[in-house]
Amino acid sequence: MTIEIKTSTLEPVRNTFAHIEKRFGDKPATRYQEATYDVQAETNFHYRPYWDPDHELNDPRRTALVMADWYAFKDPRQFYYGTYVQQRAKMQESAESSYAFFDKRNLVDALNDEVKTQVIRYLVPLRHVEHTANLNNMYGTAYGYGTAITQALLFDGMDRLGVAQYLSRIGLLLDGNSGDALNEAKQLWMQDPAWQGMRALCEESLVTKDWFELFLAQDLVIDTLVGELFYQQLDRKLSAQGGQDIAMLTEFMQEWSKDTGRWVDAVVKTAAAESDANRVLMTGWIERWRGKAAEALAPLAEEMLGAEALSEALAELDKRVAKAGIQ
Amino acid sequence: MAAKKLSLKDKYSLLTRDLDWEFSYQDRKEAFPFEEFEGIKITDWSKWEDPFRLTMDAYWKYQAEKEKKLYAIFDAFAQNNGQLNVSDPRYVNAIKLFLTGISPQEYQAHQGFAHIGRQYGGVGARVACQMQSLDELRHVQTQVHAMSHYNKFFDGFQNWSHMQDRVWYLSVPTSFFHDARSAGPFEFLVAIGFSFEYVLTNLLFVPFMSGAAYNGDMATVTFGFSAQSDEARHMTLGLEVIKFLLEQHEDNVPIVQKWIDKWFWRGTRLLSLVGMMMDYMLPNKVMSWQEAWEIYFEEAGGALFKDLARYGITMPKYAELVEKEKEHVSHQTWWTFYTHGHAAGFHTWIPTDEELDWLSEKYPNTFDKYYRPRWELARKLEAEGKRFYTKALPQLCTTCQIPMLFTEMDDPTQISYRDTVYKGERYHFCSDGCCDIFNDEPEKFVQSWLPVHQIFQGNCGGPGVEQVLGEYYKMNLGADNLDIKGSPDEKRWKQWKGVA
Chain A
52 MTIEIKTSTL
62 EPVRNTFAHI
72 EKRFGDKPAT
82 RYQEATYDVQ
92 AETNFHYRPY
102 WDPDHELNDP
112 RRTALVMADW
122 YAFKDPRQFY
132 YGTYVQQRAK
142 MQESAESSYA
152 FFDKRNLVDA
162 LNDEVKTQVI
172 RYLVPLRHVE
182 HTANLNNMYG
192 TAYGYGTAIT
202 QALLFDGMDR
212 LGVAQYLSRI
222 GLLLDGNSGD
232 ALNEAKQLWM
242 QDPAWQGMRA
252 LCEESLVTKD
262 WFELFLAQDL
272 VIDTLVGELF
282 YQQLDRKLSA
292 QGGQDIAMLT
302 EFMQEWSKDT
312 GRWVDAVVKT
322 AAAESDANRV
332 LMTGWIERWR
342 GKAAEALAPL
352 AEEMLGAEAL
362 SEALAELDKR
372 VAKAGIQ
Chain B
22 MAAKKLSLKD
32 KYSLLTRDLD
42 WEFSYQDRKE
52 AFPFEEFEGI
62 KITDWSKWED
72 PFRLTMDAYW
82 KYQAEKEKKL
92 YAIFDAFAQN
102 NGQLNVSDPR
112 YVNAIKLFLT
122 GISPQEYQAH
132 QGFAHIGRQY
142 GGVGARVACQ
152 MQSLDELRHV
162 QTQVHAMSHY
172 NKFFDGFQNW
182 SHMQDRVWYL
192 SVPTSFFHDA
202 RSAGPFEFLV
212 AIGFSFEYVL
222 TNLLFVPFMS
232 GAAYNGDMAT
242 VTFGFSAQSD
252 EARHMTLGLE
262 VIKFLLEQHE
272 DNVPIVQKWI
282 DKWFWRGTRL
292 LSLVGMMMDY
302 MLPNKVMSWQ
312 EAWEIYFEEA
322 GGALFKDLAR
332 YGITMPKYAE
342 LVEKEKEHVS
352 HQTWWTFYTH
362 GHAAGFHTWI
372 PTDEELDWLS
382 EKYPNTFDKY
392 YRPRWELARK
402 LEAEGKRFYT
412 KALPQLCTTC
422 QIPMLFTEMD
432 DPTQISYRDT
442 VYKGERYHFC
452 SDGCCDIFND
462 EPEKFVQSWL
472 PVHQIFQGNC
482 GGPGVEQVLG
492 EYYKMNLGAD
502 NLDIKGSPDE
512 KRWKQWKGVA
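Keeping their order, the protein sequence lines are chains A and B.
Take the first sequence: its letters are residues 52 to 378, numbered as in the working numbering.
Take the second sequence: its letters are residues 22 to 521, numbered as in the working numbering.
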């Protein structure tokens with residue numbers, strides 16, 4: 052038997068806001084829709100920015116990509132602020148218990164030196180790569196167009212700050228909170244020949260002007276390769292060498308990759324399906340950054356994992372790109 | 022090996038501060054190109070004191086808890102038709118003004134903080150700005166969700182997105198934020214982070230949220246409580262940035278002072294909309310605009326500027342003029358909306374007897390002398406079936422974009438006009454403050470998209486006002502606009518309440 056509580060019902064005058072009704076019809080809207088579509092202002096800008104007088108404040112021409120409707124970039128996760136923080140809060144809760152467990156059980160003492168050295172040499176310097184990703188996603192947030200994609204870029208940007216902080220905590224777990232591991236990793240980042248290609252690539256991404264090109268470079272090309280090499284292949288190698296507990300500390304990053312990858316794939320697919328011109332443009336950008344990233348990562352991948360590692364990672368990238376409809 | 026305990030400060034510093042590095046392969050100025058053109062000198066970003074020391078994992082955790090509670094209230098509000106509990110249907114017009122006038126600016130704040138959160142050369146300052154960008158996105162989205170239920174039962178909410186870039190009075194807050202966003206990164210932070218969030222936010226946020234509490238609006242007041250801790254962080258950031266800029270280099274002092282003067286003036290002009298909301302639109306009053314100004318600016322702001330005196334910062338220019346204006350602006354502004362009520366996206370009305378008496382009591386020096394007679398006239402005309410709507414379009418101030426409605430303070434019957442000639446064209450202003458701002462940046466302000474000019478130039482549909490309102494602004498004429506008396510809002514309310 053079901054119990055029905057009687058409430059007074061009033062007939063609404065309308066189901067949702069006019070701009071939402073225009074897109075989705077006269078029916079109750081989701082919170083994602085009302086929080087996202089047509090939120091950003093589109094016309095009648097009063098003043099040209101001092102810092103970019105060739106464009107309006109909000110201007111679709113800050114990328115060469117052309118979209119008839121920038122709200123085609125629907126986020127398959129339907130993240131607006133509320134759903135975003137609640138999802139990440141769940142992930143951080145489980146990460147927090149892993150980090151606490153690792154610390155409480157002194158699992159660091161169970162790691163052999165070979166593993167520890169590799170974590171400091173290969174994993175901890177990634178915090179600077181994540182910091183770059185933070186800035187690159189903020190770039191898209193600030194200069195991109197349409198709330199659908201810019202809010203997702205902001206969430207990505209903040210995630211990367213979070214990941215950089217988790218990576219820093221791995222360093223602190225290893226060095227007993229002295230900060231020595233972080234300093235050592237920074238030295239490697241600044242000076243070690245194996246890392247210089249990657250650092251040069253990060254610096255180049257930070258001076259890239261077209262925000263959609265930068266999105267492809269960072270969130271598709273670099274992230275796929277880094278994810279594959281560091282969070283998949285290196286993870287397997289460390290496990291094989293008795294460092295399986297490190298996986299507790301990188302679980303967040305692996306889960307995050309899957310979650311964010313869904314959104315990145317959807318954006319790439321939508322942009323490429325929009326027009327031949329977009330597809331040609333994107334193919335050029337992806338090829339260019341694939342070449343640069345491969346070159347930058349080659350010495351590191353070979354030293355870290357061996358001769359085959361990079362080509363395996365590149366094959367993953369190519370598969371992902373092809374699946375999104377780009378040859 | 023027992024790990025040493027880290028203080029929050031050290032931990033935050035280790036986790037965040039050292040992420041950035043000196044470039045070797047590119048020119049770092051290419052990556053952060055906007056730091057120098059305003060003349061601000063930053064000698065050492067590492068002197069930045071992180072105001073919150075909030076790591077991302079803590080941010081997700083705290084904010085998610087807040088969101089969970091907030092949305093539970095929104096759901097309960099909708100399920101139980103919480104809109105029936107507001108004091109009076111007139112109240113709802115205050116939040117129409119909020120959704121159309123304020124929420125889009127939360128979005129602009131989000132965009133502006135994203136811009137500087139990418140552009141500052143110091144990682145500590147960047148991260149603080151990025152978090153504020155994220156918070157501001159939260160605010161616009163939670164406001165839209167809070168108002169979503171009202172939109173189903175009242176007119177005037179449904180086209181906020183379309184209206185934000187077009188409607189004449191909405192160009193006041195919109196141009197305010199366009200001005201800040203189009204400025205350099207340091208001016209933006211002084212404008213929004215300090216002048217707006219720190220000095221003036223209590224005059225915007227507190228009146229609206231307390232107004233919601235006093236008038237039974239559970240959705241909006243719950244949003245207000247939920248946003249309070251975000252706002253506290255934003256205020257801390259605003260103060261931190263001012264101190265940082267002033268401590269970095271003495272050459273920064275006159276630049277910062279000029280910005281404080283500019284944004285104080287622009288802020289007080291913008292707040293005249295809040296003043297009218299407090300004195301006229303809230304059926305249950307919280308306090309008068311004058312009282313709010315005295316508490317939140319004269320007392321709190323006075324103490325702040327006393328504190329900043331050691332850096333060589335003085336009270337904003339024209340603060341003494343605003344001390345006189347506080348007894349006038351809300352009356353002059355609501356009168357303007359009342360007489361342009363056919364062109365407003367919310368309803369207007371004549372204050373009740375009780376409200377007129379309240380205004381007399383709160384404004385003993387001015388109300389009976391200058392403003393009560395107007396309302397008595399309006400009431401007489403209404404009783405004769407001649408509810409007054411002006412036919413003319415108002416002249417707008419080129420800077421603040423408010424119609425020329427403010428008066429001289431030594432003669433409140435004389436409208437205040439100022440003008441200046443730039444490159445052979447004459448520009449008009451409501452005040453010396455707005456005229457000064459123009460003269461300092463004429464190339465910027467000649468670009469102002471002035472709604473009335475645009476209507477006359479034929480850029481907003483036309484030729485008649487009806488077409489502008491209906492087709493270009495997309496107001497539902499006869500529903501969104503005009504007096505509350507006889508409006509569909511009022512009819513529905515009476516039906517729900519079972520009164521004739």
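Read the hints as simulated data drawn from the structure, not as lab findings.
Any given hint might turn out to be false.
What the hints assert, rightly or not - Distance condition first, Cα-Cα at most 25 Å in a straight line; then the derived DSS-like pairs of lysine-lysine:
1) B:Lys-26 - A:Lys-167
2) B:Lys-383 - B:Lys-306
3) A:Lys-309 - B:Lys-264
4) A:Lys-237 - B:Lys-306
5) B:Lys-279 - B:Lys-327
6) B:Lys-30 - B:Lys-50
7) A:Lys-237 - B:Lys-25
8) B:Lys-82 - A:Lys-237
9) A:Lys-141 - A:Lys-155
10) B:Lys-401 - B:Lys-338
11) B:Lys-338 - A:Lys-155
12) B:Lys-401 - B:Lys-383
13) A:Lys-237 - B:Lys-90
14) A:Lys-237 - B:Lys-338
15) B:Lys-407 - A:Lys-141
16) A:Lys-374 - A:Lys-288
These numbers come from a predicted model, not from an experiment.
Results for each hint:
1. B:Lys-26 - A:Lys-167: Between B:Lys-26 and A:Lys-167 the Cα gap is close to 21 Å, so the pair holds against 25 Å.
2. B:Lys-383 - B:Lys-306: holds, 11 Å
3. A:Lys-309 - B:Lys-264: Violated, because 43 Å separates the two Cα atoms, which is more than 25 Å.
4. A:Lys-237 - B:Lys-306: violated, 59 Å
5. B:Lys-279 - B:Lys-327: Holds - the C-alpha atoms of B:Lys-327 and B:Lys-279 are around 17 Å apart, at most 25 Å.
6. B:Lys-30 - B:Lys-50: Not satisfied, since the Cα-Cα distance of roughly 29 Å exceeds 25 Å.
7. A:Lys-237 - B:Lys-25: holds, 21 Å
8. B:Lys-82 - A:Lys-237: Outside the cut-off at roughly 29 Å; violated.
9. A:Lys-141 - A:Lys-155: The hint holds at about 21 Å.
10. B:Lys-401 - B:Lys-338: violated, 41 Å
11. B:Lys-338 - A:Lys-155: It is violated: about 59 Å lies between the C-alpha atoms, which goes past 25 Å.
12. B:Lys-401 - B:Lys-383: Given that 25 Å is the threshold and the Cα spacing comes to 24 Å, the pair holds.
13. A:Lys-237 - B:Lys-90: Outside the cut-off at roughly 41 Å; violated.
14. A:Lys-237 - B:Lys-338: violated, 48 Å
15. B:Lys-407 - A:Lys-141: violated, 61 Å
16. A:Lys-374 - A:Lys-288: violated, 28 Å
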